[in-house]
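Undergrad: Model the full assembly from the supplied sequences, consistent with the hints where possible.
So the sequence shown is numbered by the numbering used here: it starts at 1 and just counts up by one.
Treat the hints with care, since some could be wrong.
Unchecked claim - Label pairs and their computed distance ranges (CB to CB): (1) Arg121 <-> Glu31: 17 to 27 Å; (2) Arg89 <-> Gly52: 20 to 30 Å; (3) Arg178 <-> Arg120: 32 to 42 Å; (4) Val24 <-> Thr169: 33 to 43 Å.
In case anyone wonders, no lab produced these hints; they're calculated from the structure.
Each residue gets a CB set at the ideal place from its N, CA and C atoms; glycine is no exception.
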Amino acid sequence: MRGTVLFADLRGYTTLAERLSPPVVVGLLDEFFSILAEAIEGRSGTVFHSAGDSLMAGFGLSDPELGPVRDAVDASRRIVAAFAPVSERWRERHAVATGVGVGVHVGELAVADLGPTGFRRRTLIGDTVNVAARLCQRARAGEVLMSASVSDALEGSLVGDMIALPDYTLRGRDAPIRIFCVPARERIVLDHAPLALS
1 MRGTVLFADL RGYTTLAERL SPPVVVGLLD EFFSILAEAI EGRSGTVFHS
51 AGDSLMAGFG LSDPELGPVR DAVDASRRIV AAFAPVSERW RERHAVATGV
101 GVGVHVGELA VADLGPTGFR RRTLIGDTVN VAARLCQRAR AGEVLMSASV
151 SDALEGSLVG DMIALPDYTL RGRDAPIRIF CVPARERIVL DHAPLALS
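TA: Encoded structure:
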């Protein structure tokens with residue numbers, strides 16, 4: 001089947017986990033995932049998996065039309081916008097610099113129940129998922145990276161703040177892909193200290 005996959009990952013998590021107590025980290029992660037889930041479900045997406053500080057979601061898994069791709073892009077923008085004031089609050093309250101990076105890709109995939117007996121969970125499988133995950137890994141704090149397949153599906157209707165980046169060769173893949181970026185509005189750094197991102 002054809003679907004759109006979104007990965008989102010918390011930047012700065014390693015430093016956050018080092019500096020704060022585990023109960024505080026749990027509370028912050030709960031708030032982070034709530035923001036992501038609200039943005040995704042508000043655009044008809046489905047959260048499939050969360051682990052550590054990252055989350056995977058799918059859009060339009062039963063509908064190959066334009067809408068699901070646009071929904072995924074809109075959800076990505078909502079995630080970045082909604083997390084920005086939260087990140088600032090965390091900085092003021094806990095002295096940690098955080099951000100969110102997002103990757104989006106559309107293509108063929110499978111929905112499957114996987115895992116050992118008693119722990120099987122529904123998840124998404126395929127190269128489309130891997131590409132979305134790699135794009136998320138490459139995205140800096142506050143950025144959304146998406147493949148050309150996403151922009152092609154939108155038929156050139158992307159907004160003006162999106163920019164084309166040089167072709168990118170993802171680790172483990174032979175052929176480079178064309179990618180686009182919704183850049184961060186401002187670079188996030190800690191005063192008097194470099195930002196260490198997870």
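Undergrad: Next, verify each hint and record whether it holds.
TA: So, going through the hints one by one against the coordinates:
1. Arg121 <-> Glu31: 17 to 27 Å: The hinted range 17 to 27 Å holds for Arg121 and Glu31, with Cβ atoms some 23 Å apart.
2. Arg89 <-> Gly52: 20 to 30 Å: holds, 22 Å
3. Arg178 <-> Arg120: 32 to 42 Å: Holds - the Cβ-Cβ distance for Arg178 and Arg120, about 36 Å, lies within 32 to 42 Å.
4. Val24 <-> Thr169: 33 to 43 Å: Given range 33 to 43 Å: holds, Cβ gap about 39 Å.
Checked against the numbered hints listed earlier, the structure breaks none of them; every hint is satisfied.
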